[in-house]
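Asks: Chains as they are written, first to last, in the working numbering: chain A, 1 to 384; chain B, 1 to 225; chain C, 1 to 388.
Incorrect hints may appear among the rest.
Heads up, incomplete: computed chain C residues facing chain A, CB under 8 Å, no partners named [unchecked claim]:
no.: 1; residue: Thr18
no.: 2; residue: Leu28
no.: 3; residue: Val32
no.: 4; residue: Gln60
no.: 5; residue: Val101
no.: 6; residue: Val103
no.: 7; residue: Asp112
no.: 8; residue: Phe219
no.: 9; residue: Gln223
no.: 10; residue: Val260
no.: 11; residue: Val261
no.: 12; residue: Gln329
no.: 13; residue: Ser333
Coverage of chain C stretches by chain B, computed from C-beta distances (three or more under 8 Å per stretch; other residues unrestricted) [to be verified]:
no.: 14; region: 70-83
no.: 15; region: 287-293
no.: 16; region: 296-307
Here are the simulated lysine-lysine pairs, DSS-like style, with alpha carbons at most 30 Å apart [as the list claims (entries may be wrong)]:
no.: 17; chain 1: C; residue 1: Lys299; chain 2: B; residue 2: Lys123
no.: 18; chain 1: A; residue 1: Lys229; chain 2: A; residue 2: Lys187
no.: 19; chain 1: A; residue 1: Lys229; chain 2: C; residue 2: Lys161
What the hints contain is simulated information worked out from the structure, not anything from laboratory work. For glycine and all other residues, C-beta sits at the position ideal for the given N, C-alpha and C.
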Amino acid sequence: MIIKLIARNVFRHKLRAILTILGVAIAVSSFGFIRTVITAWYIGVEASSSNRIVTRNAISIGFPLPLAYKNKLESTPDVLEVTYANWFGGIYKDPGNFFAQFAIDPVSYFNVYPEYEVRPEQMQAFLKDRSGAIVGQKLAERYGWKVGDIVPLTGTIYEGDWDFTIRGLYKGAKKSADETIFFFHWKYLDERVAEIFPDFTGNVGFYIATIDNPDNAALVCQGIDERFKNSANETLTETESAFQLSFVTMSSAIISSLEIVSFVIIAIIMLVLANTMVMSARERTSEYAVIKTLGFQPGFIYAMIVGESLLLSSLGALLGLLITFPIVNGFADAVGSFFPSFDISTMTLIAAVIATLVVGALSGIMPAIRAAHLNIIDGLRQLS
Amino acid sequence: MSTIINIENLSKTYHRDAEELQVLKSINMQVENGEFLALMGPSGSGKSTLLNMIAGLDTPTSGKVTICGSELSQMNESQLAGWRSQHVGFIFQFYNLMPVLTAYENVELPLHLINLSKEERDKKIRLALNLVGLPDRMDHYPNQLSGGQQQRVAIARAIVTDPSIIVADEPTGDLDRKSAEEILNLMVRFNKELGKTIIMVTHDPHAAGRAHIKKHLDKGTLNGA
Amino acid sequence: MKLPLNYSAKSLFVRKTTTIVTIFGISLVSFVYAAVLMLSGGIKETLVQTGSPDNAIIIQRSSITETTSSLTRDHANILKSYPGIARNAEGRLIATPEVMVIVNLKKKDSDDMVNAPLRGTETNVFDLRQNVKLIEGRMFTPGTSEIVVGAAARRNYEQCKIGDKLFFGKREWNVVGVFDAGRTGFDSEVWGDTEQFMQAFRRPLYSSMTVKLTDQEAFENYQALADNDKRLRVDVKQEQQFYADQSENIAGFIRILGTVVTTIFSIGAIIGAMITMYAAVANRTREIGTLQALGFSRKSILLGFLIESSLLAMIGGLIGLLVASGLSQFSISTVNFDSFSEMEFRFSLTTETITNVLLFALFMGFSGGFLPAVRAARLKVVDALRSV
């Protein structure tokens, strides 16, 4: 009975119901969209492994460390394997084409990052070619690169024109793995540096090391930094996730404003729904009076109004989730390279649905209270 | 006296789904200038439809309606709207005042359709409200007025543009006897003193008794009385 | 033949709850839109104002930021030898080679680190950057570990008051002065002696050189000379353009994100306005019939309802704008993706933003009100009069 009433009431004002559902859907999709943007920011943190630590120059990430530190790091207790990388910062054709490029020590790097999977024959080809490169699958897709293609980069830090030959593609073994990185030989970089600034060879951007026990990470990091204290280049060592998080906190102002906006959206869903429910309930005042006259309990009226609001909000949430996907994809195309990965997480979807349902129930309650405590005589008077 | 309303062979048919409903059947009627005519008849007799035709709110299926020399059946909608604003004043059963406007502003409303200076408008509004005996209620909103007072504001609104015809649809239908009497007195006065032609639809025989002529409509045909 | 304005205006407030809810919705959207415009405008403004129109900056070829660029002392001397460089009152060339590094400093009242930009410069830098003024204390003494900090740096980083000591490059540095660089990137910087910074960071290279040129023509000459000089591999850019380019990424990101968000929001607000206006039309059917009977044309009724919804939106827009204007009191300090260094931006409210926001609100009201207004205008007078 009550279900029948709710279902019929919802579409009594077809246009209004459709508009409300649409309004909720739009708010839900923008909530999903913004949450996705926030998640994308943390993708690096999420991709971090708890058994990796990062050592960099204590001054700031822009300062290098000497290559000689590699042996010293390797001899540190609890450290299993050490690799290193330099941020290259080259431009591919246009400054808008942003993607990460690292000069790496090939063998150790892929040992430390087992989630980057390269086919053995491609790895062999890469190891043999001094100016070869391994690129992420997604990145290769974005620019239509194939194995054997030559990719020209213009250096912004290491000046000059650089040509690399793609020798292989890597695939992420985990979903969070970044498939948009461009790797090439650190040795090749160092040789070119020697030609321009001979004094600046043997510099490493940062070291990444695997450790045997993640629970020991804090102690290991502390030990490394103490070891290099008072040396020419003091270090700052932290877990990989802390290292990644430090990049996120740099733009914390932007992230927190996004979070505020996502709450504003929930307020908007509430406004749209509440508006409709208040309007519908007021128009039906006399009907509620009749229902009460017939002897129904106030609980019935609560269920009727809140049920209607919940039905509207869940229909809106459903539609909203459906349109979230094209919106997110459209945005990913527009800012493209800004984030390595831009996927809608299940958590985001669940959060959106829960928020909508809670808001749906809340927006029904106010008019429901009004209707349930309605004075029958006043209500009936509206009939005439 | 000259003829102000001339209705020839007027028929009106409504189509509802497949059904045809002939509401008015070949009506012929003349009304002289300055006449006070009451249209009576049971509900569904077509009296409101006839009134709407005279007021230029509805168009006939066939036949001619000529009012003040204008052939209404030839006019399009916006011409009709313009014609109404000049020639007809309306009085409704439920007053139909704008709830958000004061008595003064309600009376002012139709004057917005005529080019007048603010001073001229003000003069006309005050005059109209004086005529209906409500000069002290100008700044009241409809919900602050009694039913009779609201209807008097509506009458002021009907005469403020100085139309030649006043059309009233059950003007006393929602009023108590005393207020109804006041309203009828006002209408009689405007008919006599200002020479307004009044067409009033009513089913109250007492109200109809104040008119000069009574006409009965039954099932879409007119019986003069 | 127009409906009086006060009819539209007063009608809005009959249905108080829905009107207020709708206004609130539109004001929220206007606020977000205004905030986005103010922020991306503020970023642009900050970076454009950082450069002076007469100045040219020389950096390593293809470099985007000063921190990733290197110039040798020889390069600097060559660059000083070209004609066209302006001179100060004492007749010295206004050309300053500088070193730019980024150090991690502690953010004020937080455990987070910021990428603070550190500029090694010369004491005559004020000839070059006339918009920068020392407002407290004094300039650093060359050859010492003294530093001066920008006003925004003092606001945002720990240990940046006069008398405080900062530790970086394995040394202690004494803060002896504060400079005000207005709304520019310099305001977030820490300045010290070039040679001291080079020693501390063991980096015997300059990052860039900035010169004041005599006039616009001199710039083109100067650029041509540097471009054609085989001893150099550098880019010469107008300082203003150089910094404006650095705002592209972050301002663009905020603009795109903001546009997506406000577009979605505005559709929501339009729908809200539509629901409200449809209800207004439905509840006033008899009123509309009466107006038609009185002789108001369909056009004037359409217009009346459009005005009603536009008014609704304008009120919302004004409220949103009013609240957003409060934001211009605030600034946010964040990393600029292009230079990878901390920079403080203000929300800047321009007349262009005000017009855009109000037009946008008007657009929302108009689009939300249009269909309901059409429905009102199309009501048949006879039916409308009969409705209860």
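Asks: Are the hints correct? Go through all of them and say.
Replies: Verification of the supplied hints:
1. Among the interface hints, the one on Thr18 (chain C) holds; its C-beta lies about 6 Å from the nearest C-beta in chain A, closer than the 8 Å criterion.
2. For Leu28 (chain C), the interface hint holds, since its Cβ comes within 8 Å of a Cβ in chain A; the closest pair sits about 6 Å apart.
3. Taken as an interface hint, Val32 (chain C) checks out: its beta carbon lies about 7 Å from the nearest beta carbon of chain A, inside 8 Å.
4. Interface hint at Gln60 (chain C): satisfied, since its Cβ lies 5 Å from the closest Cβ of chain A, which is below the 8 Å cut-off.
5. Interface hint at Val101 (chain C): satisfied, since its Cβ lies 7 Å from the closest Cβ of chain A, which is below the 8 Å cut-off.
6. Taking 8 Å as the C-beta contact cut-off toward chain A, the hint placing Val103 (chain C) at the interface holds, the least distance being around 5 Å.
7. A distance limit of 8 Å between C-beta atoms decides the matter here; for Asp112 (chain C) the minimum to chain A is near 5 Å, and the interface restraint holds.
8. Hint on Phe219 (chain C) is violated. Least Cβ distance to chain A is approximately 22 Å, over the 8 Å limit.
9. Evaluation of the Gln223 (chain C) hint against chain A yields a violated restraint, the C-beta minimum of about 18 Å exceeding 8 Å.
10. This hint holds: Val260 (chain C) has a C-beta 6 Å from the nearest C-beta of chain A, less than the 8 Å allowed.
11. Against a cut-off of 8 Å between C-beta atoms, the interface hint on Val261 (chain C) holds, since the closest Cβ of chain A lies about 6 Å away.
12. For Gln329 (chain C), the interface hint is violated, since its Cβ never comes within 8 Å of a Cβ in chain A; the closest pair sits about 16 Å apart.
13. About 7 Å separates the beta-carbon of Ser333 (chain C) from the nearest beta-carbon of chain A, less than 8 Å, and the hint is met.
14. Counting residues of the region 70-83 of chain C whose C-beta sits closer than 8 Å to any C-beta of chain B gives 0, which falls short of three, so the coverage hint is violated.
15. A count of 6 residues in the region 287-293 of chain C with a Cβ less than 8 Å from any Cβ of chain B is obtained; the coverage claim is therefore met, three being the minimum.
16. Counting residues of the region 296-307 of chain C whose beta-carbon sits less than 8 Å from any beta-carbon of chain B gives 4, enough to reach three: the coverage restraint holds.
17. Between Lys299 (chain C) and Lys123 (chain B) the CA atoms are separated by roughly 28 Å; this keeps the pair inside 30 Å, and the hint holds.
18. A C-alpha spacing of about 28 Å is found between Lys229 (chain A) and Lys187 (chain A), which places the hinted pair at or below 30 Å, so the restraint holds.
19. This hinted pair checks out: Lys229 (chain A) and Lys161 (chain C) have alpha carbons roughly 28 Å apart, not beyond 30 Å.
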